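J.: One letter stands for each residue in the lines below.
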Amino acid sequence: MSGFAILGATRGMGKQLARRMAERGDSLCLLGRDPARLEATRTDLSIRSPHAEENAGIFTASCDLLQPDTFEPALESAAKQLGRLDGLIVTAGLFADQAQLEASSELLEQLLTADFVNTVLLCELAKERLLKQGGGLLCVFSSVAGDRARTPVRLYGAAKAGLSHYLEGLDHAYRREGLVTLDVKPGFVRTEMTAHLAPPPFAGEPSAVAREVLAAIDRGSARIYTPRIWGLILWVIRLTPRTIMRRIRF
Amino acid sequence: MTFRNAPSSASLPSVGNDEPMEPRPSSPLPAPGRARGRPGRSPAQGERILSGWGRYPRVHGRETTGDSLLRLSDGAVLSGGLGRAYGDAGLPPPNAQRPLLRTTHADRLLRFDPTTAVLRAEAGVCLADLIHVFLPRGFFTPVSPGTAFVTLGGMVAADIHGKNHHVAGSFGEHVRSLRIRTGDGKIRDIGPDREPELFAATLGGMGLTGHILEVEFQLERVPSPWIVEERHMVSSVEELIPRLSEVGREWPMTVAWLDTAQRGAALGRGSLWIGRWASRDEAPARAFPGIRERIEVPFELPSGLLNPTTLGWANSVWYRAQYLKQGRSLASPQQFFYPLDAVRSWPRAYGRRGFTQYQCVLPSEPAVFRSFLELFQRMGGCSFVTVVKDCGPEGRGMLSFPKPGTSIALDIPIKPPSSTPSTQQLVDRLNAFTLDHGGRIYLAKDAFTRAEDFRAMYPRFDEWTRVRRKFDPEGKLGSAMSLRLMGDAR
Numbered sequence: 001m002s003g004f005a006i007l008g009a010t011r012g013m014g015k016q017l018a019r020r021m022a023e024r025g026d027s028l029c030l031l032g033r034d035p036a037r038l039e040a041t042r043t044d045l046s047i048r049s050p051h052a053e054e055n056a057g058i059f060t061a062s063c064d065l066l067q068p069d070t071f072e073p074a075l076e077s078a079a080k081q082l083g084r085l086d087g088l089i090v091t092a093g094l095f096a097d098q099a100q101l102e103a104s105s106e107l108l109e110q111l112l113t114a115d116f117v118n119t120v121l122l123c124e125l126a127k128e129r130l131l132k133q134g135g136g137l138l139c140v141f142s143s144v145a146g147d148r149a150r151t152p153v154r155l156y157g158a159a160k161a162g163l164s165h166y167l168e169g170l171d172h173a174y175r176r177e178g179l180v181t182l183d184v185k186p187g188f189v190r191t192e193m194t195a196h197l198a199p200p201p202f203a204g205e206p207s208a209v210a211r212e213v214l215a216a217i218d219r220g221s222a223r224i225y226t227p228r229i230w231g232l233i234l235w236v237i238r239l240t241p242r243t244i245m246r247r248i249r250f
Numbered sequence: 001m002t003f004r005n006a007p008s009s010a011s012l013p014s015v016g017n018d019e020p021m022e023p024r025p026s027s028p029l030p031a032p033g034r035a036r037g038r039p040g041r042s043p044a045q046g047e048r049i050l051s052g053w054g055r056y057p058r059v060h061g062r063e064t065t066g067d068s069l070l071r072l073s074d075g076a077v078l079s080g081g082l083g084r085a086y087g088d089a090g091l092p093p094p095n096a097q098r099p100l101l102r103t104t105h106a107d108r109l110l111r112f113d114p115t116t117a118v119l120r121a122e123a124g125v126c127l128a129d130l131i132h133v134f135l136p137r138g139f140f141t142p143v144s145p146g147t148a149f150v151t152l153g154g155m156v157a158a159d160i161h162g163k164n165h166h167v168a169g170s171f172g173e174h175v176r177s178l179r180i181r182t183g184d185g186k187i188r189d190i191g192p193d194r195e196p197e198l199f200a201a202t203l204g205g206m207g208l209t210g211h212i213l214e215v216e217f218q219l220e221r222v223p224s225p226w227i228v229e230e231r232h233m234v235s236s237v238e239e240l241i242p243r244l245s246e247v248g249r250e251w252p253m254t255v256a257w258l259d260t261a262q263r264g265a266a267l268g269r270g271s272l273w274i275g276r277w278a279s280r281d282e283a284p285a286r287a288f289p290g291i292r293e294r295i296e297v298p299f300e301l302p303s304g305l306l307n308p309t310t311l312g313w314a315n316s317v318w319y320r321a322q323y324l325k326q327g328r329s330l331a332s333p334q335q336f337f338y339p340l341d342a343v344r345s346w347p348r349a350y351g352r353r354g355f356t357q358y359q360c361v362l363p364s365e366p367a368v369f370r371s372f373l374e375l376f377q378r379m380g381g382c383s384f385v386t387v388v389k390d391c392g393p394e395g396r397g398m399l400s401f402p403k404p405g406t407s408i409a410l411d412i413p414i415k416p417p418s419s420t421p422s423t424q425q426l427v428d429r430l431n432a433f434t435l436d437h438g439g440r441i442y443l444a445k446d447a448f449t450r451a452e453d454f455r456a457m458y459p460r461f462d463e464w465t466r467v468r469r470k471f472d473p474e475g476k477l478g479s480a481m482s483l484r485l486m487g488d489a490r
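Chains A and B supply the protein sequences, listed in that same order.
Sequential numbering from 1 applies to the first sequence in the working numbering.
Sequential numbering from 1 applies to the second sequence in the working numbering.
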């Protein structure tokens, strides 16, 4: 049984991942900004835990990805409640349509800040903490959109590309010191966030993503495309020459 | 490649967990990839084409989703879950301005007491998820339909029944309390002893008496997560019907599958599946295998591929396969309860035209079933995996389907519009037969029944309508089905 802090467990893939972890008996500290949602998720996870509900070891702490000054207190609170922090999982982030981002520089700044700058700041704090105790897990959700620039998500993709680059660097630098970094690259997944989009072929389910991510955590992988098929799709996309990408306005 | 199929204005791929920053475009984007086929015009802004599990009919409508049913149900025309209703029960009235509330993202467990085995959960919780959490701990749903991919809200709205109806009744018998938002906008907690009339109207009420927000029900304790299963071959419908009642006296779970392609003496030959939960000693040491969709029908097959000839072959192949599986064995819940769940989106095999399922309950007499099957064959019908189950006494739901007798479910591919008899004529003729024998059809499967036939089958319809109107005087809730069958004004 291990103890993890998780930012983004109230929705989508984060919710499913937290469920699979709680169901196998892990202790979790849910980080988030909406206390009512955190509490509802905590109850759900406590019932799912094989331990008796009152000792399920599911906690909450306040944390807002847009407010870096909440990061350190949140990690501190998580470590305290869990007894020992074995890792941090970040599935939260912001998302907006390209058109909206182009129309508002304020919105764009917010997205870039949350998905790149602040996520990196949070990971740096967690990294320090984990290295001090001899290692741990840093599992962060990036996106296949960061693999190759795609016209309708080029700004969002740029933030995710930066994030993946950062995570790769952590892996190169600190793996031997016991810090395992997992860069999760989901393809199109049917969640609340994508409910208004028509799913493309190979669209995945959040529960399948959660299963695969958990297996990757157990293996100690550094990177995972999920659902798996997206690894193959992105392999082809990365190999496609630029002239073709321009022509099809990829 | 893949991306080319996506709407060009939409943003993807993306991390599904990220939160939209802005007030999202207030209504869903149209789905251009689906705009082909019925109905003729393409969807207006914010609309998409919706259909049930049988992919017929298709209507234009709006959809909204999220994890707060309390907030979202205010203003929605109907709630829908995983879309396993075959016909139009889970569809909004065509061109409705108010959206269908898709509940699947509101799927939290709210309260569980292991000593009483009472669970309270949000309406969007999926049965497969519940099994995954509770079966390893020795609890199972007291009543299970033929798929695990249904929501709790859907199980209440259709008052589903299962292989154990003859001993356990329908799901509604095990519901202790519901929280619903009625059409008048109020949130109400109802149950067998609180607003019993509204409660009885809601069980099997197809979501038309209110949005189901939370469900509290009694789980069943089971000794192990495995089933002791026996399969017996039966050579004709004359053997099948009495054998089904006979085994029902000893076995809590019974079902039969019959071959609709045979004629004469072999008409209705098939296989009897009976089961009970394995005791701790009988259960293997293996871990509980879970419920998974393993294979996918990745695209629509051509309509007409499944026709009486190919379905006849399929029935024969399947019948022979059953021969090899005779006798006693240990089965996982997926093998026993949800064999079809292994193939994801199997309705695509019926093609663009889709299919309908005709499920009715008839008196448990072989002669009745023989005439019914002969009539079905004369009308050019053929069906694969035709399920026959015994029903026990009626439950308290005013529009609940089961009543004493035996139910049969036929999959009917939708015929091309020019063919005679048409699918409508086929269903009309089967309905006349069902009515003659005091039976009725199951709303969760239906897409073709006429209002007058439906009302003749459900004697408590007027009572139900009175309750429905009392809590929804302005008619805010409705569905494509209520427009067709329940006299809603357009």
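Think of the hints as simulated: they come from the structure by calculation, not from any bench.
Bear in mind that the values here come from a model prediction, so they are computed numbers and not experimental data.
The C-beta atom is built at its ideal place from N, Cα and C for all residues, glycine as well.
Among the hints, a few may not be true.
[Stated by the list, open to error] Restraint-style ranges between C-beta atoms, simulated for each label pair:
(1) A/Asp-218 to B/Met-233: 54 to 60 Å
(2) B/Arg-344 to A/Ala-222: 28 to 34 Å
(3) B/Ile-187 to A/Arg-176: 54 to 60 Å
(4) A/Gly-220 to B/Ala-349: 37 to 43 Å
(5) B/Lys-470 to A/Asp-218: 42 to 48 Å
(6) B/Pro-114 to A/Gly-134: 36 to 42 Å
(7) B/Arg-194 to A/Gly-220: 52 to 58 Å
(8) B/Ala-451 to A/Thr-240: 55 to 61 Å
(9) B/Arg-194 to A/Arg-33: 32 to 38 Å
(10) B/Arg-344 to A/Glu-124: 40 to 46 Å
(11) A/Ala-222 to B/Arg-111: 38 to 44 Å
(12) A/Arg-176 to B/Gln-326: 58 to 64 Å
(13) B/Leu-70 to A/Glu-23: 24 to 30 Å
J.: Could you tell me whether the CB distance from B/Lys-470 to A/Asp-218 stays inside 42 to 48 Å?
T.: The hinted range 42 to 48 Å is violated for B/Lys-470 and A/Asp-218, with Cβ atoms some 55 Å apart.
J.: Range hint 58 to 64 Å: satisfied by the CB atoms of A/Arg-176 and B/Gln-326?
T.: holds (60 Å)
J.: Can the suggested window of 54 to 60 Å be confirmed for the beta-carbon pair B/Ile-187 and A/Arg-176?
T.: holds (57 Å)
J.: Taking the Cβ atom of A/Asp-218 and the Cβ atom of B/Met-233, is their distance within the range 54 to 60 Å?
T.: At roughly 45 Å between Cβ atoms, B/Met-233 and A/Asp-218 fall outside 54 to 60 Å, so the hint is violated.
J.: Kindly confirm whether 32 to 38 Å is satisfied by the beta carbon distance between B/Arg-194 and A/Arg-33.
T.: The hint (32 to 38 Å, Cβ to Cβ) holds, given that B/Arg-194 and A/Arg-33 are roughly 36 Å apart.
J.: Take the C-beta atom of A/Ala-222 and the C-beta atom of B/Arg-111, compute their distance, and say whether it sits inside 38 to 44 Å.
T.: Since A/Ala-222 and B/Arg-111 have Cβ atoms about 40 Å apart, the given range 38 to 44 Å holds.
J.: Please check whether B/Arg-344 and A/Glu-124 have a Cβ separation lying inside 40 to 46 Å.
T.: The hinted range 40 to 46 Å holds for B/Arg-344 and A/Glu-124, with Cβ atoms some 42 Å apart.
J.: Evaluate the given range 52 to 58 Å for the C-beta pair formed by B/Arg-194 and A/Gly-220.
T.: holds (53 Å)
J.: Do the beta carbons of B/Ala-451 and A/Thr-240 sit within 55 to 61 Å of each other?
T.: Roughly 56 Å apart at Cβ, these two residues keep to the hinted range, so it holds.
J.: Using the C-beta atoms of B/Pro-114 and A/Gly-134, is the stated range 36 to 42 Å upheld?
T.: Hint holds: Cβ distance 38 Å, inside 36 to 42 Å.
J.: I want to verify a distance hint. Is the separation of the beta carbons of B/Leu-70 and A/Glu-23 within 24 to 30 Å?
T.: Check passed, 26 Å falls within 24 to 30 Å.
J.: The hint says 28 to 34 Å between B/Arg-344 and A/Ala-222; measuring C-beta to C-beta, is that right?
T.: Roughly 31 Å apart at Cβ, these two residues keep to the hinted range, so it holds.
The structure fails to meet hints 1 and 5 from the earlier list, while all remaining hints are met.
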